[in-house]
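K.L.:
Spelled out, the chains give:
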Amino acid sequence: MVRRRPLTPSSSFPPKAPCFHNPPSAFRTPNESPHNLGYMMQRVTNHHTHKTTDVHRHGLRSRQLHLLPDGRNFQVEYAVKAVENGGTSIGIRCKDGVVLAVEKVVGSKLLKHSANKRIATVDRHLGVVYSGMVPDGRHFVDRARDEARAWRDTNKTPIPTADLASRMGGYMQAYTLYQSVRPFGITAIVGGFDSELELPVDGEVGYGPSVGAGGKAPDKKHGGPFLYMIEPSGLYWGYYGAATGKGRQAAKAELEKLDLGGAGALTLEQAVKEAARIIYLAHDDNKDKEFELEMSWISASDGPTKGKHQEVPKALREEAERLAKKSMESDDEDDDKKDDDKMEE
Amino acid sequence: MFRNNYDNDSVTFSPQGRIFQVEYAAEAVKQGSVVVGIASKTHAVLVAFKRNAEELSSYQKKLFAIDEHVGIAIAGLTSDARVLSNFMKQQCLGHRLTYGRNMPVRGLVDMIGSKAQINTQHYGKRPYGVGLLVAGVDEQGPHLFEFQPSGMTEEMVAFAIGARSQMARTYLEKNLDAFADCGREELVRHGLKALKESLVQDRELTIENTSVGIAGVSKSKEDGSSVVEPFKVFDGQEVNAWIESVADDKEGGGDAAGEGEGMDVDA
Amino acid sequence: MEFGNSGSLSEDGIHVDMDRLKKGEVNLGTSIMAVTFKDGVILGADSRTTTGAYIANRVTDKLTPVHDTIWCCRSGSAADTQAVADIVQYQLSLFAMTSGKPPTTQTAAAIFQEICYANKDRLSAGLIIAGWDERHGGQVYSIPLGGSLHKQSYAIGGSGSTYIYGFCDANWKEGMEEQDAVNFVKEALKEAIKWDGSSGGVIRMVVLTAKGADRHLYLPDTDYSVRHDA
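Each protein sequence line maps, in turn, to chains A, B and C. Numbered per full-length UniProt numbering, the first sequence spans residues 1 to 345. Numbered per full-length UniProt numbering, the second sequence spans residues 1 to 267. Numbered per full-length UniProt numbering, the third sequence spans residues 1 to 230.
Simulated from the structure, these hints should not be mistaken for laboratory data. Take these hints with a grain of salt, some might be off.
To be verified - Subject to a maximum C-alpha distance of 20 Å in a straight line, what follows is the list of computed SDA-like cross-link-like pairs (lysine to any residue): (1) K174/B - K216/A; (2) K257/A - K325/A; (3) K216/A - G147/C; (4) K95/A - A265/A; (5) K289/A - E173/B; (6) K112/A - E173/B.
What the hints assert, rightly or not - Pairwise CB distance ranges (calculated): (7) N52/B - R149/A: 22 to 32 Å; (8) S108/A - S14/B: 23 to 33 Å; (9) K117/A - A53/B: 37 to 47 Å; (10) G100/B - V105/A: 36 to 46 Å; (11) Q16/B - A210/C: 23 to 33 Å; (12) K211/C - L67/A: 19 to 29 Å; (13) R149/A - D61/C: 33 to 43 Å; (14) L176/B - T154/A: 42 to 52 Å; (15) Q237/B - R149/A: 51 to 61 Å; (16) G212/C - L235/A: 47 to 57 Å; (17) A210/C - E77/A: 20 to 30 Å; (18) D177/B - G203/A: 18 to 28 Å.
To be verified - Reference excerpt, derived from the structure (chain C facing chain A, CB under 8 Å, subset only): (19) P102; (20) W132; (21) R135; (22) H136; (23) L145; (24) L149; (25) H150; (26) S153; (27) T209; (28) A213; (29) T222; (30) S225.
Glycine residues also receive a C-beta, built at the ideal position from the N, C-alpha and C atoms.
With the rest of the complex left out, here is chain A:
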């Protein structure tokens, strides 16, 4: 295996001696993609014989990463640090949908306003937002789209949110296993609305009896809103409210105050307003930097987005921002005279 020379600090840049050798072509197959982790995973799970020839053929330093004696993997812990420096992302799962929101710290005045989106649509009913290294996030989104597509190809039906979270959790986990790759420097929040309706097979022709199919389990609800958060380690859980990035502590504290699972649970529109307020509040400690708020939402098929993941309409977002700012101001006043603790709109 030829080790390519890494970049050195600026003084010795560009490299003076020719230092890039390609491995002999006999070692490579035309479609070889050394970063095909799917292949690596398969190889490891299917055979336990990957240590020598396979690895060399694929030009990888594919030794496994050993754990430290105390069971820690420092690289994963350092990746988490990259996440903790990123703009705050949150997700709220309420009774009739999911809201995703992100604080985009504006690094330069020269950025085109609202042109650079951070929340991505993975399938029509699925959205992803992330904190940390943005290019890693884009990679994550690309892969998530591939997974959603692949699921549709085999099952002819949209991928359930839980299954996408599982696939992507596995994908991120694989990047913690080998010395040949580094973990993802992001924590991703995946929100989705699995259709509560009976889903046809994609592209099916015809229909069943007009009285409907017989023998359905009565009173059972299917589908619904789901929210998952996936960490650099590959660990993921389902959440009612999830927060990551720089302002996660403040955001989590606020999310915990919301009624998300109970009987009087928040409506989707309320959740949009809460999300805006929480992002503004979480940004408060980082006041000197400007930021842009980006929000998306997903409702049931009879809700405002008709089961699709969409950007929150401008009018609603601006209204939510207005209320968020107002709440911040009244918060400041509260600090002075502690008699009034109204937080709502």
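Dock chains B and C against the given chain A, drawing on the hints supplied.
P.N.:
Structure of chains B and C alone, referenced to chain A:
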């Protein structure tokens, strides 16, 4: 040679969650000579300051046409830029073959972003040591994107990268609000003025060391359909009029002129 | 004209459209059907398997499970349909294991269709997929020779089905009680067996409901009137 244990490769996070290899690559961008890009409602322009290794040698090209509607300005390792440039050309060509029209600029930029990100996550690879400004027009109008070695890509109103580019960016920030409604000529002049801010003392823009690239869309006067001005790089005598129009003794004249209408300045 | 055993109509004058079969290939010259009813679905089939004019098996089971409450009726080449069903059975059990929930009939039908369409030039398989799941109740999908997918209230297939289009159209009712649906399937298959030379033997059925799969068996000795243990 290395500063610490965490900068040997691009698969190692430092305890602070940084990847030094990527940061070093960003330094490589700062070693390149300065390039400036600005987008208005009708045009996207790139201007570049070219360097020559010695008096008698030729100047290193800084602007490259990718496709009919897109061009790039580079700062950093030219050879890495060529890899990305070839890739972009192929993608544009492939897109044209399948869809019969210009590739959307954001899609193109996202592709090199993804490509560059992989180089920051796999052992045996190194980040691209080059930064790009990508200017182009598509169905949404003119665009300007910045590409960084980390794989980060962002759409900008105006931007500058390369050596001493901060001064150019300061100029751009100061004039930010004017760009949207600038005409073609005025946009180029703004670009050249920003470029001049970043020059080392005693250096002047000349027809040898200055490149200008322009792509644009305009409404046809007959039927209102949009007419694309293909991306073209202007060098040598072609940029003379622009350079003269921003010469120090004429400073300020360009600003007052307002909408620049002379579309046929260059012969 | 000499009688061959290729199973082709032009040669022995008995069989319908079996040009796709290889010489001597085992064929399910068949009557199969599946119907939805009030509580789920019922699949039914005759039991004759032929090699040309020779009955290779008179008590064949053409009703094949691909998951607990998702089954299929197979017609066409026995080898092809068994192979396809095996693949789907594997996929569905993998699906159930990884996702922790049973697959839907849609998923099963989609996988069947993918295989049948992708290999349409090489397969001779006419399938009816019927299943019950908690969310959608009983459903019937038909995948004829080209690999298209049709959702239906009930489906009939195989060479014998040509004789019972009228019968089914006249007697089919939506949302039948289980016993009525069983009788409907039985009477239809009796007609098919009576008229189709390549159908015959016993009548097998599977009833799929919330309670699971329930097999029926009827023998010709009693004119299919008595239900036997399957």
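K.L.:
Now tell me, hint by hint, if it's right for this structure.
P.N.:
Evaluated hints:
Only pairs whose Cα atoms come within 20 Å are accepted, and K174/B paired with K216/A is rejected, the gap being roughly 67 Å. A threshold of 20 Å between alpha carbons decides the hint, and for K257/A with K325/A the separation of about 19 Å falls inside it, so the pair holds. A C-alpha spacing of about 28 Å is found between K216/A and G147/C, which places the hinted pair above 20 Å, so the restraint is violated. Proposed proximity of K95/A and A265/A is supported: the alpha carbons are some 6 Å apart, at most 20 Å.
Proposed proximity of K289/A and E173/B is supported: the alpha carbons are some 16 Å apart, at most 20 Å. Proposed proximity of K112/A and E173/B is supported: the alpha carbons are some 12 Å apart, at most 20 Å. Against the hinted window of 22 to 32 Å, the Cβ-Cβ separation of N52/B and R149/A comes to about 49 Å, which falls outside the hint. For S108/A and S14/B, the hinted distance range of 23 to 33 Å is satisfied, since their beta carbons lie about 24 Å from each other.
Distance hint for K117/A and A53/B: a CB-CB separation of about 42 Å, consistent with the stated range 37 to 47 Å. Take G100/B and V105/A: their Cβ atoms lie about 40 Å apart, and the range 36 to 46 Å holds. Q16/B and A210/C have their C-beta atoms about 58 Å apart, which leaves the hinted 23 to 33 Å range violated. One distance hint, 19 to 29 Å for the beta-carbon pair K211/C and L67/A, is violated here, with the actual separation near 50 Å.
R149/A and D61/C have their C-beta atoms about 38 Å apart, which keeps the hinted 33 to 43 Å range intact. Checked against the hint of 42 to 52 Å, the pair L176/B and T154/A passes, with Cβ atoms roughly 50 Å apart. Restraint check, Q237/B to R149/A: a C-beta distance of roughly 52 Å satisfies the suggested window 51 to 61 Å. A hinted range of 47 to 57 Å for the beta carbons of G212/C and L235/A is inconsistent with their spacing of about 37 Å.
Judged by the Cβ atoms, the range 20 to 30 Å given for A210/C and E77/A is violated: they are separated by roughly 49 Å. The supplied range of 18 to 28 Å is broken by D177/B and G203/A, whose beta-carbon atoms lie about 51 Å from each other. Residue-level restraint check for P102/C is violated (minimum Cβ-Cβ distance to chain A is 12 Å; threshold 8 Å). The interface hint given for W132/C is met, as the beta carbon of that residue sits about 6 Å from the closest beta carbon of chain A, less than 8 Å.
Among the interface hints, the one on R135/C holds; its C-beta lies about 5 Å from the nearest C-beta in chain A, closer than the 8 Å criterion. Of the supplied interface hints, the one on H136/C holds, with its beta-carbon coming within about 5 Å of a beta-carbon of chain A, less than 8 Å. Given hint, L145/C at the interface with chain A, is violated; its Cβ is 15 Å from that chain's nearest Cβ, farther than 8 Å. Interface hint status for L149/C: upheld, as the beta-carbon distance to the closest one in chain A is roughly 5 Å, under 8 Å.
Satisfaction of the interface hint for H150/C is found here, the shortest Cβ-Cβ separation to chain A being roughly 4 Å, below the 8 Å cut-off. The restraint placing S153/C at the interface with chain A holds, with a minimum CB-CB distance near 4 Å, inside the 8 Å limit. Checking T209/C against chain A: minimum C-beta separation of about 5 Å stays under 8 Å; hint holds. Here the hint on A213/C is broken, as its CB sits about 13 Å from the closest CB of chain A, past 8 Å.
At about 29 Å, the closest approach between the beta carbon of T222/C and any beta carbon in chain A exceeds 8 Å, and the interface hint on this residue is violated. Here the hint on S225/C is broken, as its CB sits about 26 Å from the closest CB of chain A, past 8 Å.
Violated hints, listed in ascending order, are 1, 3, 7, 11, 12, 16, 17, 18, 19, 23, 28, 29 and 30; each of the other numbered hints is respected by the structure.
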